[in-house]
Amino acid sequence: MKATVHVFLKPGVLDVQGKAVESALHGLGWDGVKDVRVGKTLTFDLAATDKAAAETEVKAMCEKLLANTVIESYRVEVA
Amino acid sequence: MKAAVIVFPGSNCDRDCAVAVERSTGAQVEMVWHKETALPEGLDLIVLPGGFSYGDYLRCGAMAALSPVMQEVVAAANRGVATVGICNGFQILCEAGLLPGALLRNEGLKYICKPVALEVTNAQTRFTAGYQGRREVTMTIGNGEGNFFADAETLARIEGEGQVAFRYVDNPNGSVDDIAGIVNPAGNVLGLMPHPDRAFEEELGSADGAILFQSALASA
Numbered sequence: 001m002k003a004t005v006h007v008f009l010k011p012g013v014l015d016v017q018g019k020a021v022e023s024a025l026h027g028l029g030w031d032g033v034k035d036v037r038v039g040k041t042l043t044f045d046l047a048a049t050d051k052a053a054a055e056t057e058v059k060a061m062c063e064k065l066l067a068n069t070v071i072e073s074y075r076v077e078v079a
Numbered sequence: 001m002k003a004a005v006i007v008f009p010g011s012n013c014d015r016d017c018a019v020a021v022e023r024s025t026g027a028q029v030e031m032v033w034h035k036e037t038a039l040p041e042g043l044d045l046i047v048l049p050g051g052f053s054y055g056d057y058l059r060c061g062a063m064a065a066l067s068p069v070m071q072e073v074v075a076a077a078n079r080g081v082a083t084v085g086i087c088n089g090f091q092i093l094c095e096a097g098l099l100p101g102a103l104l105r106n107e108g109l110k111y112i113c114k115p116v117a118l119e120v121t122n123a124q125t126r127f128t129a130g131y132q133g134r135r136e137v138t139m140t141i142g143n144g145e146g147n148f149f150a151d152a153e154t155l156a157r158i159e160g161e162g163q164v165a166f167r168y169v170d171n172p173n174g175s176v177d178d179i180a181g182i183v184n185p186a187g188n189v190l191g192l193m194p195h196p197d198r199a200f201e202e203e204l205g206s207a208d209g210a211i212l213f214q215s216a217l218a219s220a
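Going line by line, the protein sequences match chains X and L. Read in order, the letters of the first sequence are residues 1 to 79 in the numbering used here. Read in order, the letters of the second sequence are residues 1 to 220 in the numbering used here.
Derived by calculation from the structure, the hints in this document are not laboratory data. Fair warning: there could be bad hints in the mix.
Under the rule of at most 35 angstroms between Cα atoms (straight-line distance), these lysine-lysine pairs were calculated in the DSBU-like manner [unchecked claim]: (1) Lys114(L) with Lys59(X); (2) Lys40(X) with Lys114(L); (3) Lys110(L) with Lys59(X); (4) Lys110(L) with Lys40(X); (5) Lys19(X) with Lys114(L); (6) Lys51(X) with Lys114(L); (7) Lys2(X) with Lys35(L); (8) Lys64(X) with Lys110(L); (9) Lys10(X) with Lys2(L); (10) Lys35(L) with Lys64(X); (11) Lys35(L) with Lys40(X); (12) Lys110(L) with Lys34(X); (13) Lys19(X) with Lys110(L); (14) Lys34(X) with Lys114(L).
All chains, please: the whole structure from these sequences, using the hints.
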């Protein structure tokens with residue numbers, strides 16, 4: 001199975017990269033842009049064949065390593 | 001007196017820390033590779049050095065916190081062994097759950113390397129006792145992700161419990177409440193972004209860092 005994990009800084013946690021990208025977009029004339037957040041996407045293959053089990057496994061990976069839940073939220077997709 | 005400096009792949013202040021501790025205190029210093037599953041016997045101080053463990057990949061300190069030796073470091077810290085994490089070492093202590101909070105990208109987006117003035121917020125800790133009577137000290141920072149963050153509840157707790165050891169006089173990176181260094185509730189674990197190892201003799205511009213290492217080992 002293929003897993004995709006999206007990790008973002010939690011709402012309310014200052015995302016300075018997002019702020020920098022936002023001001024660059026404004027500089028290019030896209031004045032309507034606001035609240036840019038920069039995150040990361042991790043993709044990998046899993047040996048698991050059961051979707052629910054795979055999701056549980058990937059969530060455990062997020063809690064242990066892939067996200068720092070003090071500052072980051074994550075979203076898991078398994079297909 | 002015996003100290004250990006943990007060496008992670010990508011740490012670049014491990015030698016600096018060993019020299020700083022040795023010259024400041026006369027302690028015998030051992031370098032310990034991160035893959036070790038045991039620490040030397042009879043340690044009085046453990047130092048997690050600055051640098052870029054694992055290239056800062058994923059998050060600063062995230063992978064170092066899961067290194068085999070860290071299980072031993074956590075156990076030793078929980079037994080009361082004095083443990084200090086400097087810069088990347090602070091990030092590792094937070095990632096390992098020994099200290100609350102996390103370190104974010106600097107507010108101004110820039111890597112900052114310069115001497116900074118620090119207020120000794122709590123001179124009662126095991127690491128700051130030697131600063132008794134000194135309100136302000138100077139140490140050098142060198143980081144891109146030194147912006148300390150904790151949620152409001154955590155922050156209220158660490159402020160209330162006197163866990164803030166050092167504060168920036170002129171906050172360089174956006175750290176919440178100007179926090180530069182914190183200790184755990186038991187007071188034997190310190191994380192700080194400024195480098196005492198880059199300020200342990202006057203030739204480096206400041207010898208204030210030496211007092212920190214001397215304090216940590218004074219009770220040993």
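Hint check:
Taken as a hint, the Lys114(L) and Lys59(X) pair is broken in the structure, with Cα atoms around 40 angstroms apart against an allowance of 35 angstroms. Distance restraint check for Lys40(X) and Lys114(L): the Cα-Cα separation of roughly 30 angstroms lies within the 35 angstroms cut-off, and the hinted pair is therefore satisfied. Our distance criterion of 35 angstroms between C-alpha atoms is met by Lys110(L) and Lys59(X), whose separation comes to about 33 angstroms. A distance of roughly 20 angstroms separates the Cα atoms of Lys110(L) and Lys40(X); the hinted pair therefore holds under the 35 angstroms criterion.
Note on Lys19(X) and Lys114(L): the hinted pairing holds, with a Cα-Cα distance of about 25 angstroms set against a maximum of 35 angstroms. Of the pairs offered as hints, the one joining Lys51(X) and Lys114(L) is violated, with about 51 angstroms between alpha carbons and a cut-off of 35 angstroms exceeded. Between Lys2(X) and Lys35(L) the CA atoms are separated by roughly 31 angstroms; this keeps the pair inside 35 angstroms, and the hint holds. The straight-line distance between the Cα atoms of Lys64(X) and Lys110(L) is roughly 29 angstroms, inside the 35 angstroms bound, and the hint therefore holds.
Pair hint Lys10(X) plus Lys2(L) does not hold up; C-alpha atoms about 42 angstroms apart against a cutoff of 35 angstroms. Straight-line distance between C-alpha atoms of Lys35(L) and Lys64(X) comes to about 19 angstroms, which keeps the hinted pair within the 35 angstroms bound. A distance of roughly 28 angstroms separates the Cα atoms of Lys35(L) and Lys40(X); the hinted pair therefore holds under the 35 angstroms criterion. With a C-alpha separation of about 22 angstroms, the suggested pairing of Lys110(L) with Lys34(X) holds against the 35 angstroms cut-off.
A hinted pair counts as satisfied when its Cα atoms are at most 35 angstroms apart, and Lys19(X) with Lys110(L) qualifies at roughly 13 angstroms. About 33 angstroms separates the Cα atoms of Lys34(X) and Lys114(L), which keeps this hinted pair within 35 angstroms; it holds.
In summary, the structure is inconsistent with hints 1, 6, 9 from the numbered list given earlier, while agreeing with the others.
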